[in-house]
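Chain order of the listed sequences is A and B. The C-terminal position of the first sequence is numbered 448 in the numbering used here, with every residue numbered one higher than the one before it. The C-terminal position of the second sequence is numbered 533 in the numbering used here, with every residue numbered one higher than the one before it.
Mixed in with the good hints, there may be bad ones.
Cross-link-like lysine-lysine pairs, in silico, DSS-like; alpha carbons within 30 Å at most [as the list claims (entries may be wrong)]:
#1 A:LYS7 with B:LYS531
#2 A:LYS159 with B:LYS533
#3 B:LYS453 with A:LYS15
#4 A:LYS67 with A:LYS386
#5 A:LYS7 with B:LYS453
#6 B:LYS533 with B:LYS453
#7 B:LYS453 with B:LYS531
#8 B:LYS453 with A:LYS386
In silico contact screen, one side only, chain A against chain B (beta carbon under 7 Å); selected entries [what the hints assert, rightly or not]:
#9 GLU21
#10 PHE101
#11 PRO102
#12 ASP179
#13 LYS369
Label-pair distances were calculated between CB atoms; the ranges are [unchecked claim]:
#14 A:VAL446 with B:GLU521: 28 to 36 Å
#15 A:GLU401 with B:LYS453: 53 to 61 Å
#16 A:THR20 with B:GLY484: 27 to 35 Å
#17 B:ALA462 with A:PRO181: 49 to 57 Å
#18 B:GLY507 with A:ASP325: 37 to 45 Å
#19 B:GLU521 with A:LYS7: 39 to 47 Å
#20 B:ILE454 with A:ASP208: 52 to 60 Å
#21 B:GLY484 with A:LYS386: 43 to 51 Å
#22 B:ALA462 with A:MET6: 27 to 35 Å
#23 B:GLY484 with A:LEU64: 42 to 50 Å
#24 B:LYS453 with A:ASP325: 48 to 56 Å
#25 B:LYS453 with A:GLY183: 20 to 28 Å
#26 B:LYS453 with A:GLY416: 47 to 55 Å
#27 B:ILE454 with A:GLY171: 53 to 61 Å
Please keep in mind that the hints were generated in silico from the structure rather than gathered at the bench. Built from N, CA and C at the ideal position, the CB exists for glycine as well.
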Amino acid sequence: MSESIMKDKVKNFFKILCQTEWNATVAGVIVALLSILIMAWWRPWGAVGAIRNWGEWILYGVGLFDKPGDVLINSGSVIGVGFLAGAFISACLGNDFSFKFPPPWEFIKAIIAGILMGIGSAFAGGCNVGGMYNAIGNLAANGFTMWLGLIIGVILGLKYIYWEMEHITWGTSGGKNIDFPYGLKIVIGIIGIVLVIWGAYQYSDMSDNYAASLSGILLISAGLGYTMQRGRWCMVQAFREPHMTGDCTLAKSVILSILVLAVGCAVLKYAVPQRGSAVAVQSVLMDAVDELEPDEIQDEDLADAVEDVVDASEQAVIAARRVLDPVNYVRGTFGWGGVLGGFLFGLGAMFAGGCGSGTLWRVGEGQIKLWLVVPFFGISNALMVKLFKAVHMEGTGATHEGSKLGMHLYLPDALGYGGTLLLIVLAMTAWYIIVDWNEDSNKLIVEM
Amino acid sequence: MSDAKIAPEGLEVARTLDAKGLSCPMPLLRTKKEIGKINSGEILEVLGTDPGSRNDIPGWCARAGHEYLGEREEEGFIRFFIKKK
Chain A
1 MSESIMKDKV KNFFKILCQT EWNATVAGVI VALLSILIMA WWRPWGAVGA
51 IRNWGEWILY GVGLFDKPGD VLINSGSVIG VGFLAGAFIS ACLGNDFSFK
101 FPPPWEFIKA IIAGILMGIG SAFAGGCNVG GMYNAIGNLA ANGFTMWLGL
151 IIGVILGLKY IYWEMEHITW GTSGGKNIDF PYGLKIVIGI IGIVLVIWGA
201 YQYSDMSDNY AASLSGILLI SAGLGYTMQR GRWCMVQAFR EPHMTGDCTL
251 AKSVILSILV LAVGCAVLKY AVPQRGSAVA VQSVLMDAVD ELEPDEIQDE
301 DLADAVEDVV DASEQAVIAA RRVLDPVNYV RGTFGWGGVL GGFLFGLGAM
351 FAGGCGSGTL WRVGEGQIKL WLVVPFFGIS NALMVKLFKA VHMEGTGATH
401 EGSKLGMHLY LPDALGYGGT LLLIVLAMTA WYIIVDWNED SNKLIVEM
Chain B
449 MSDAKIAPEG LEVARTLDAK GLSCPMPLLR TKKEIGKINS GEILEVLGTD
499 PGSRNDIPGW CARAGHEYLG EREEEGFIRF FIKKK
């Protein structure tokens with residue numbers, strides 16, 4: 001008797017972990033925590049870094065580009081690989097995976113979507129993740145301009161879809177689905193988990209620090225992919241639903257997620273440099289070395305060792321700055337670039353039926369339409385970014401001096417950390433109240 | 449997912465929408481449009497493959513006031529049944 005109860009409990013546990021759709025609020029908080037962790041580990045995550053790298057490989061394949069960074073070494077690409085793996089594992093274990101072939105018209109929309117999203121994320125300095133979610137989370141002003149553009153783009157995209165349903169009849173039905181036995185999917189899902197863990201161990205064994213750090217990147221991004229597929233956590237839906245059905249569940253979840261993320265990032269960015277161990281160790285070390293008067297050390301081995309220690313401390317400071325220097329994740333797109341980029345991206349995401357991250361986790365569950373979005377997204381973004389670099393569209397240097405797309409503004413420089421957090425809290429509160437009010441009043445719904 | 453509401457057998461369907469292979473938000477929007485073509489009390493059947501529809505369709509029915517009768521799993525797709533208010 002107790003054995004069968006135990007069996008039921010194990011079954012229930014598997015169901016909650018792998019089969020049922022996770023509550024949106026819980027998924028949003030987990031996404032925020034993983035986003036903070038990946039930043040504490042190394043760098044914020046994004047979807048377009050991976051997609052662009054893959055686009056560059058296609059362009060390299062046809063002879064247009066120089067050889068890009070290795071798919072399994074470029075940190076942006078590894079984030080995408082981990083994310084896809086996590087989403088695929090989740091889709092297999094939850095029996096959501098199958099090859100879903102859309103009707104022909106959807107393929108045309110996928111191509112348009114990919115091109116628009118690639119161009120949009122070049123203007124905005126990132127997709128919905130790097131350009132909006134992580135940008136606001138990283139206390140960068142440009143996150144807000146993309147946010148504004150996304151709303152406008154999504155509303156226009158919704159109007160387009162309504163128009164399409166009235167006027168386009170060719171190729172809108174006749175989709176196919178190729179499914180596999182659930183037992184097989186569970187086995188493949190488990191093999192997927194083993195491969196991700198094996199991959200992380202492979203990275204951590206590498207002698208190069210950069211490559212070794214990819215172990216955590218792979219694991220955390222797999223966690224992000226798993227969570228987002230399991231919760232069907234889709235940012236474009238957060239922007240779209242309030243205007244389509246009035247439902248604001250995902251909008252509220254994204255709002256909460258951004259708040260948790262912003263607090264976490266503020267802690268990392270403010271507190272760590274204040275008590276930055278690398279900086280502290282270096283200054284103590286330099287004082288000690290100065291007292292030793294290194295030039296006068298007679299023992300050659302000792303002199304070499306002291307020199308090595310000084311070098312290592314300098315490297316540590318550089319690494320600490322690279323990880324946490326706010327300048328690295330603020331883009332020069334706080335202005336028309338962010339708004340236009342958000343608009344084009346939002347419009348593209350409506351054609352695609354998924355944003356940057358939403359596209360990737362849908363690829364992981366076998367949606368063939370989104371498989372087609374990715375290469376067009378990658379190619380158009382790679383070309384735009386190359387063009388923008390050639391004409392210094394986003395200015396030069398880490399602070400985007402002379403950017404034509406907008407300002408480079410790290411909000412705490414203008415408002416302090418307290419003021420920045422207050423601004424983000426106020427903006428998110430306003431967004432929350434508006435979508436909640438709209439859920440009852442339906443005032444912002446775009447009618448069919 | 450095994451908690452999904454199962455529709456009774458032998459429902460008399462007034463109209464069928466083929467949304468197979470379509471992804472979010474198309475299945476729901478097409479459903480919204482198709483339901484306008486049947487009379488109150490009649491049943492619309494939606495054939496879909498998007499896992500998201502399992503949440504989207506019942507959720508939308510609750511908001512719009514239609515009665516969600518449940519789903520039936522077929523080989524490679526799911527049938528959703530909605531009774532118009």
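Each hint, compared with the structure:
no., hint, verdict
1, A:LYS7 with B:LYS531, "38 Å, violated"
2, A:LYS159 with B:LYS533, "26 Å, holds"
3, B:LYS453 with A:LYS15, "16 Å, holds"
4, A:LYS67 with A:LYS386, "14 Å, holds"
5, A:LYS7 with B:LYS453, "24 Å, holds"
6, B:LYS533 with B:LYS453, "19 Å, holds"
7, B:LYS453 with B:LYS531, "14 Å, holds"
8, B:LYS453 with A:LYS386, "51 Å, violated"
9, GLU21, "6 Å, holds"
10, PHE101, "5 Å, holds"
11, PRO102, "4 Å, holds"
12, ASP179, "5 Å, holds"
13, LYS369, "6 Å, holds"
14, A:VAL446 with B:GLU521: 28 to 36 Å, "33 Å, holds"
15, A:GLU401 with B:LYS453: 53 to 61 Å, "59 Å, holds"
16, A:THR20 with B:GLY484: 27 to 35 Å, "32 Å, holds"
17, B:ALA462 with A:PRO181: 49 to 57 Å, "34 Å, violated"
18, B:GLY507 with A:ASP325: 37 to 45 Å, "43 Å, holds"
19, B:GLU521 with A:LYS7: 39 to 47 Å, "24 Å, violated"
20, B:ILE454 with A:ASP208: 52 to 60 Å, "55 Å, holds"
21, B:GLY484 with A:LYS386: 43 to 51 Å, "47 Å, holds"
22, B:ALA462 with A:MET6: 27 to 35 Å, "48 Å, violated"
23, B:GLY484 with A:LEU64: 42 to 50 Å, "48 Å, holds"
24, B:LYS453 with A:ASP325: 48 to 56 Å, "53 Å, holds"
25, B:LYS453 with A:GLY183: 20 to 28 Å, "25 Å, holds"
26, B:LYS453 with A:GLY416: 47 to 55 Å, "52 Å, holds"
27, B:ILE454 with A:GLY171: 53 to 61 Å, "33 Å, violated"
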